[in-house]
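**Q** As a plain string of letters, each chain reads:
2 protein chains.
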Amino acid sequence: MRDCGLESTVMATAGAPIVFGRRKESDRVPTILVYGHYDVQPVEPISAWTSDPFTPQIRDGRMFGRGTADNKGQHIAQLLAIKAVLESSGRLPVNVVMIVEGEEEIGSPHLEQWVDEHAHLLKADFAYTSDGAIHPSGRPVVLCGARGLLYLELTLRVAPVDRHSGSFGGVSRNAALELVQAVSSLWDRDGEVAVPGFHDAVAEPTDLEKAAVEALPLTSPIHTSEMVTSSSDWFRRLLLRPNMNISGLGSGWTGPSMKTIIPASATAKLDVRLVPNQDPYDIARLITERLRSTAPEVEVNVISGVKPSRTPLDSPIVDRVSQAVEFAWEQPPLLYPSLAGSVPDFVFTSNLAIPSVIVPYGNADQANHAPDENLVLDYFHKGARTFVAVLHAFAPYESART
Amino acid sequence: MRDCGLESTVMATAGAPIVFGRRKESDRVPTILVYGHYDVQPVEPISAWTSDPFTPQIRDGRMFGRGTADNKGQHIAQLLAIKAVLESSGRLPVNVVMIVEGEEEIGSPHLEQWVDEHAHLLKADFAYTSDGAIHPSGRPVVLCGARGLLYLELTLRVAPVDRHSGSFGGVSRNAALELVQAVSSLWDRDGEVAVPGFHDAVAEPTDLEKAAVEALPLTSPIHTSEMVTSSSDWFRRLLLRPNMNISGLGSGWTGPSMKTIIPASATAKLDVRLVPNQDPYDIARLITERLRSTAPEVEVNVISGVKPSRTPLDSPIVDRVSQAVEFAWEQPPLLYPSLAGSVPDFVFTSNLAIPSVIVPYGNADQANHAPDENLVLDYFHKGARTFVAVLHAFAPYESART
Numbered sequence: 005m006r007d008c009g010l011e012s013t014v015m016a017t018a019g020a021p022i023v024f025g026r027r028k029e030s031d032r033v034p035t036i037l038v039y040g041h042y043d044v045q046p047v048e049p050i051s052a053w054t055s056d057p058f059t060p061q062i063r064d065g066r067m068f069g070r071g072t073a074d075n076k077g078q079h080i081a082q083l084l085a086i087k088a089v090l091e092s093s094g095r096l097p098v099n100v101v102m103i104v105e106g107e108e109e110i111g112s113p114h115l116e117q118w119v120d121e122h123a124h125l126l127k128a129d130f131a132y133t134s135d136g137a138i139h140p141s142g143r144p145v146v147l148c149g150a151r152g153l154l155y156l157e158l159t160l161r162v163a164p165v166d167r168h169s170g171s172f173g174g175v176s177r178n179a180a181l182e183l184v185q186a187v188s189s190l191w192d193r194d195g196e197v198a199v200p201g202f203h204d205a206v207a208e209p210t211d212l213e214k215a216a217v218e219a220l221p222l223t224s225p226i227h228t229s230e231m232v233t234s235s236s237d238w239f240r241r242l243l244l245r246p247n248m249n250i251s252g253l254g255s256g257w258t259g260p261s262m263k264t265i266i267p268a269s270a271t272a273k274l275d276v277r278l279v280p281n282q283d284p285y286d287i288a289r290l291i292t293e294r295l296r297s298t299a300p301e302v303e304v305n306v307i308s309g310v311k312p313s314r315t316p317l318d319s320p321i322v323d324r325v326s327q328a329v330e331f332a333w334e335q336p337p338l339l340y341p342s343l344a345g346s347v348p349d350f351v352f353t354s355n356l357a358i359p360s361v362i363v364p365y366g367n368a369d370q371a372n373h374a375p376d377e378n379l380v381l382d383y384f385h386k387g388a389r390t391f392v393a394v395l396h397a398f399a400p401y402e403s404a405r406t
Numbered sequence: 005m006r007d008c009g010l011e012s013t014v015m016a017t018a019g020a021p022i023v024f025g026r027r028k029e030s031d032r033v034p035t036i037l038v039y040g041h042y043d044v045q046p047v048e049p050i051s052a053w054t055s056d057p058f059t060p061q062i063r064d065g066r067m068f069g070r071g072t073a074d075n076k077g078q079h080i081a082q083l084l085a086i087k088a089v090l091e092s093s094g095r096l097p098v099n100v101v102m103i104v105e106g107e108e109e110i111g112s113p114h115l116e117q118w119v120d121e122h123a124h125l126l127k128a129d130f131a132y133t134s135d136g137a138i139h140p141s142g143r144p145v146v147l148c149g150a151r152g153l154l155y156l157e158l159t160l161r162v163a164p165v166d167r168h169s170g171s172f173g174g175v176s177r178n179a180a181l182e183l184v185q186a187v188s189s190l191w192d193r194d195g196e197v198a199v200p201g202f203h204d205a206v207a208e209p210t211d212l213e214k215a216a217v218e219a220l221p222l223t224s225p226i227h228t229s230e231m232v233t234s235s236s237d238w239f240r241r242l243l244l245r246p247n248m249n250i251s252g253l254g255s256g257w258t259g260p261s262m263k264t265i266i267p268a269s270a271t272a273k274l275d276v277r278l279v280p281n282q283d284p285y286d287i288a289r290l291i292t293e294r295l296r297s298t299a300p301e302v303e304v305n306v307i308s309g310v311k312p313s314r315t316p317l318d319s320p321i322v323d324r325v326s327q328a329v330e331f332a333w334e335q336p337p338l339l340y341p342s343l344a345g346s347v348p349d350f351v352f353t354s355n356l357a358i359p360s361v362i363v364p365y366g367n368a369d370q371a372n373h374a375p376d377e378n379l380v381l382d383y384f385h386k387g388a389r390t391f392v393a394v395l396h397a398f399a400p401y402e403s404a405r406t
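Order-wise, the sequence lines are chains V and W. For my numbering, count along the first sequence from 1 and bump the result up by 4. For my numbering, count along the second sequence from 1 and bump the result up by 4.
By construction, these hints were calculated from the structure, which means they are not laboratory data. Just to be clear, a hint being listed does not mean it is correct.
The list cannot tell twin chains apart, which means a pair is met if one copy fits it or any two copies do.
What the hints assert, rightly or not - The list that follows gives simulated cross-link-like pairs (lysine to any residue, SDA-like), each with its CA atoms no further than 25 Å apart:
(1) K214 x A88
(2) K214 x S236
(3) K127 x T223
(4) K76 x P140
(5) K386 x E91
(6) K263 x R161
(7) K386 x S229
(8) K263 x A18
(9) K87 x D120
(10) K76 x M262
(11) K386 x P260
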């Protein structure tokens, strides 16, 4: 940050520190809050990497290495854009505030509190994040939100130890069966969430959002036998609807052959994707109530709660950023009402109450979280050019804050 | 066996060999077929043993070591009884045929075929097995059958690899959810088996069997919070009713914290206890049909199928064995219509069509399958005296075969 013309300081949280930066040009120009993260996923299995994950290597027009795409490579494009503008103009057309956090990959557990405590440093007209991937076709994308995440760990213990089914089969309780019955009750037979109240807070998508998902070209990377929906409903379900998913199940003996036991305990992990205006903790309470109506003793532990976020598609910010993207990529971006996944975008749209856009610079085959993570250098360059255009797109813009 | 006066030979099977022994006294006296097994459970965790599992050690009136109770120690009581009678009388009052197999702990997968192929060597008036435990109160028991076992492994795969729930949550199938819904459909909300046809073949217990379970004293070793039944129904459910149990569940991420995946595959293990006249392979078919009505792609693999067995409680064999037990233990045995667990007793009652009784010599706290397995020496001596009495109980008995 300092090399690129920003003041910078490392600020402690209860977890990994946040790197904070800023460059103030004037009270009369807008302020952009740029978000990124410096933490990465583990590199295992390291033997599957073609080159060392922490020695960046350029091959075939891509830079390979852990974090090249997710997220340091994308974030560096913003810094180089700032540096380039300063080198050519001596100043920026806007003010910049920058947050680079170190816990994005574990659900940003300390970001919200830090943002609340430092809101006075974070006054901005909108937030801007580059993370994720452009469309597989090569078209750039602009995303106006993200689904939220609720991650629950369910545990049911009914006995101090596993029992021999040859001694107790038919008279003693089975934790696996009780948990399976409770978990199963969360969905109807069609696989739709059947938790009472689950959909109550779901905001009806706007006409613009519906039109936006209709316009998205489907290039499904999975076989139709894997799909639970028709192609025509793909993006509506993925971007505008909530979803609940069993991401883990464990109980008793899962090794080879057989072990005739009645499990004393069972666990399940649930991964819930939320849309506006669902609150993860409200949803956790509804799921817990439903589970306990079948299995009163089940323990429910919230592992992660990330609120959904949304910026209106007709926000002038979205329009200006889209124009900047079109200039840099020489084609108009696809407009997504939301990311299907979950990023802590809500701290901007809810806690700071400002618009927020996500403009990925990564290639669709970036292999983030996997071996041979990489960033296509052409997209990296387009990313830097994009942010140069974004910095300039707001020069004539009257800051809403002034 | 040779040291104790039997001819003996080791006979191959497709698995572990069977040790076969016999002593023929006369065509005019009955023949007892004695069954035991020489295989044992693994000793792990070995660090939890007080003394080496394969160096028998006597402490506090018990012999400690793997197999002391399950089953070599109990079986040696039979051999020493034969030896003692031969040393004192020079001959046995009956003929003896003996089978000691090496695969009981893995469900006796080759015993049935071997018995069918060697039925000409196994002509006997009844079968006699000492395995398991006497009543915790110290009273001896005579068991007239065993529940059968069906062990199934269910596998459902819906995708080539796990998917990221942030990219596919709501549009791609979830193996864990589909298997949970299918497995859950096998029981009703009260936890009773709801597979159509499951109970059709269940034979109505006889009045004697009902009276026998009514007479059994309950000394439940589990807390009431673990029980799915009232004490009054304990033995009826445990001995006269079938039961199905989830013994293992595995899918997706079960480690600490979270991994936001949609599992590509899921597995479950089902352990089913059967009563006369349920056939394990018929039941496997019914369960498969029920599962596939919900999850058509689920694969069902039969890991083990052991038929139930029953000898009528009013068989003269049961009466005479009970008298021998009473003589040796100086108290009348408790009469069980069945073992709750599963032993390959059906090869005698079904394949050879002879009565069969199980007369355990082990203590209730024998810790079989666990560290510090042990056999109370007083019960071991009573066991040897029991078999001496059994050998003599049939001297005046006219063999049904002659």
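**Q** Decide, hint by hint, whether the structure agrees.
**A** Here's how the hints hold up against the structure:
1. In this assembly of identical chains, K214 and A88 lie within 25 Å of each other by CA distance neither inside one copy nor across copies; the values are 38 Å within and 90 Å between.
2. When the C-alpha separation of K214 and S236 is checked against a cutoff of 25 Å, the pair qualifies only within one copy, where the shortest distance is 12 Å, while the shortest distance between copies is 62 Å.
3. In the homo-oligomer, the alpha carbons of K127 and T223 never lie at most 25 Å apart, since the shortest distance is 39 Å inside one protomer and 71 Å across protomers.
4. Taking the closest pair of Cα atoms, K76 and P140 come within 25 Å of each other only inside a single copy of the chain (21 Å); across copies the shortest separation is 67 Å, beyond that limit.
5. Taking CA atoms no more than 25 Å apart as the test, K386 paired with E91 passes inside one copy only; the shortest distance there is 18 Å, against 98 Å between copies.
6. Taking identical chains as interchangeable, the C-alpha atoms of K263 and R161 lie at most 25 Å apart whether they share a chain (19 Å) or sit on different chains (22 Å).
7. With identical chains, the CA atoms of K386 and S229 are never at most 25 Å apart, being 36 Å at best within one copy and 64 Å at best between copies.
8. Taking CA atoms no more than 25 Å apart as the test, K263 paired with A18 passes between copies only; the shortest distance there is 22 Å, against 44 Å inside one copy.
9. For the homomeric pair K87 and D120, neither the shortest alpha-carbon distance inside one copy (29 Å) nor that between copies (86 Å) is at most 25 Å.
10. Proximity of K76 and M262 under a CA criterion of 25 Å is satisfied inter-copy only: 23 Å between copies versus 47 Å inside one chain copy.
11. Taking identical chains as interchangeable, the C-alpha atoms of K386 and P260 are never at most 25 Å apart, the minima being 51 Å within one chain and 39 Å between chains.
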